[in-house]
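S.K.: Protein chains in written order, with this note's numbering: chain A, 11 to 524; chain B, -12 to 117.
There may be inaccurate statements among the hints.
[As the list claims (entries may be wrong)] Straight-line distance between alpha carbons at most 30 Å, and here's what the computed DSSO-like set of lysine-lysine pairs gives: (1) B:115 with A:311; (2) A:463 with B:79; (3) A:304 with B:114; (4) A:311 with B:-10; (5) A:80 with A:66; (6) A:311 with B:-9; (7) B:114 with B:91; (8) A:355 with A:245; (9) B:115 with B:91; (10) A:245 with A:204; (11) A:304 with B:115; (12) A:374 with A:463; (13) B:-9 with A:330; (14) A:304 with B:82; (15) A:77 with A:34; (16) B:114 with A:311; (17) B:82 with A:463; (18) A:330 with B:-10.
Since the hints were derived computationally from the structure, they do not count as laboratory data.
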Amino acid sequence: MSANKILIVDDEQAIVRLLSMSLKSDGYDTCTASSGEDALDVFEKQSPDIVVTDIKMPGMDGLELLKRIKDLDPDKEVIIVTGHGDIDSTITALQYGASDFINKPVRDEALAIALERAQTKIRIREQLASYTQDLEEKVAEATVEIRRKSNFQRLLIHSSHDAIVAFDQDWQIVVYNPEAARMFEKRARNVLNKMTIDDLYPPELATFFRAEARNGAHDRGEMPWKEMTLETRNKKLIPVRYATSVLHEKEEFMGIVNFFQDLTEIKRLEKELIQSERMAAIGQTVSGLAHYVKNILIGLKGGSYVVDVGFQNSNMEKIKSGWQTIQKNIERVANLTQDMLTYAKERHPEVKLCAPNEIVTEVKALVSDFAQANDIEITTRCDPEMGQMWLDPGTVHRALLNLVNNAIDACMEEDDLDRQFNVEIRTGKTEAGAAVFEIEDNGCGMDEETKLKLFTPMFSSKGGKGTGLGLLVTKKLVEEHHGTIDIDTRLGYGSLFTMTLPERPETGRDENDK
Amino acid sequence: MGKKILVVDDDPDVRTFVVTVLEENQYTPLVACDGVEGLEMIQKHTPDLVILDVLMPRGSGIRLYRHLKTDDALKSIPVIMFTGIALRSFLKSQKVLEEFKGEKVPEPDIYLEKPVEPQELVDAIRKKLA
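Given the sequences, and given the hints that come with them, work out the whole structure.
M.R.: Spelled out as structure tokens, the structure:
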């Protein structure tokens, strides 16, 4: 039993003695006093847990004692012993914080019940105190932990390599880390809690996010990474990748968080990588090229010999045919040089409005003499709906010419003499509106191995007659135009090359703005 | 009229060159642009010598050479191989063919790797026709 010590106060000695004896026999520790003043003395010295006091005493009465004790220690329990019907003093006692009342004459059972009740109260209070202390400790611990975590998170956001920007439900900016400040070129103190999404983001982006938040249709509120180009206040263009989380709490829109990654460095490295790969390819091509250049030299030497002979014999025919050989080989050197330059350098398509079908006609005119001389028929089937399109006519021309020349070569390689060789050029549009060029021949075709090696630098299936650059250059031009080349081929039956070029009006406008 | 010499080569520049060399040295040139045409010309004109390219469309020089050397009526016609292919590669390819076909064809009399000076070609022809 914890609250064991009881102070009994009464001016009648007999009652004090009687109660004390009775309580002692119940296992309590008691002390006594015969007046209020006396009781305060004992209270201070012995610090009892419970005080049982008569209300009517000469000098300091029970009520005054109760008040004094409660002033000294409000946790002490005071039981008031009162006469019948003394309502006023009962009310006062209650006001002073008496814990219980017993009527005179004091009966043992009533006292026992009152004491037990007081003890329970004390026990509960003690427990409560210990709980409270416990709770306080736990709250303190939790607070430290929360502070640590929130500091950690703040640090995390602060030092993140991603620019992090978050908006509350009113689109005010509530998170804005240093990387964001660097990217948007605005100081945090001018932005945080001062700007809204419309002040920071370009209008189309702000509109987009507002719409996304309204829709709220996202299951997890997350959107996939997207790429865009950000224009800063100083008109600097930064390629970025960004992700978005729409924040909800209980179905209610709470705001959004954006993560931006600066892709400038990555884009630069990508470019460098492509460039160095291309230079390596040029290096690999050198041995193939040496062979090709040697053939050109042979042609030039042979041609000049024929010209010399023509001069010696005053034979105009000889001079002419020798000169033709020389010119043809000069042309080959020129083409080779151009191919190498095209392949080695990065080039942006020069997009303008042009008529794809007209380019087909031009290319056909360029090759038709040669094709005719070799019994190869060139046919075209152009979609009359092609009209004018935003394409790079240079790319279309060179790629087409290259593919058609390849097709003619493929016809000349085929051994089947009964075949009427044909190269057909077709145009059309995809559903998405991209220009499609098909070049089909019924020449020698390719086996799987040749097809796979087709775009490898220095690979040529034409012996010394090819540089191994032609298709490579074509592919590069087409890819720079964001287009594709597909090949369908069967050894001995022919090939179909399909070149698809999307329209690039935006590049066209850019070019025109410059 | 000089002796008839057939040039089989798909490259018109090479044909012009060789024909000029032949004319300058009082031979009578004949030309064919591929293996099939070459055989036709040989059967029709029975040239005294054939100058033969190796890599050509429609029946390569290799096929024509093997045909000539295994045809009793034609095997006596001397052949000069005149090509951009290295001799080593050519001989290796022939060895593979021989093992596969089980027939032995004599090595070409003269094998000239392009580029060839006009005099070199003339010397080779003279040597064969002497």
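S.K.: It remains to establish, for every hint, whether it holds in the given structure.
M.R.: Checked hints:
no. : hint             : verdict
1   : B:115 with A:311 : 25 Å, holds
2   : A:463 with B:79  : 24 Å, holds
3   : A:304 with B:114 : 27 Å, holds
4   : A:311 with B:-10 : 26 Å, holds
5   : A:80 with A:66   : 18 Å, holds
6   : A:311 with B:-9  : 25 Å, holds
7   : B:114 with B:91  : 25 Å, holds
8   : A:355 with A:245 : 27 Å, holds
9   : B:115 with B:91  : 22 Å, holds
10  : A:245 with A:204 : 23 Å, holds
11  : A:304 with B:115 : 28 Å, holds
12  : A:374 with A:463 : 28 Å, holds
13  : B:-9 with A:330  : 25 Å, holds
14  : A:304 with B:82  : 27 Å, holds
15  : A:77 with A:34   : 27 Å, holds
16  : B:114 with A:311 : 24 Å, holds
17  : B:82 with A:463  : 27 Å, holds
18  : A:330 with B:-10 : 26 Å, holds
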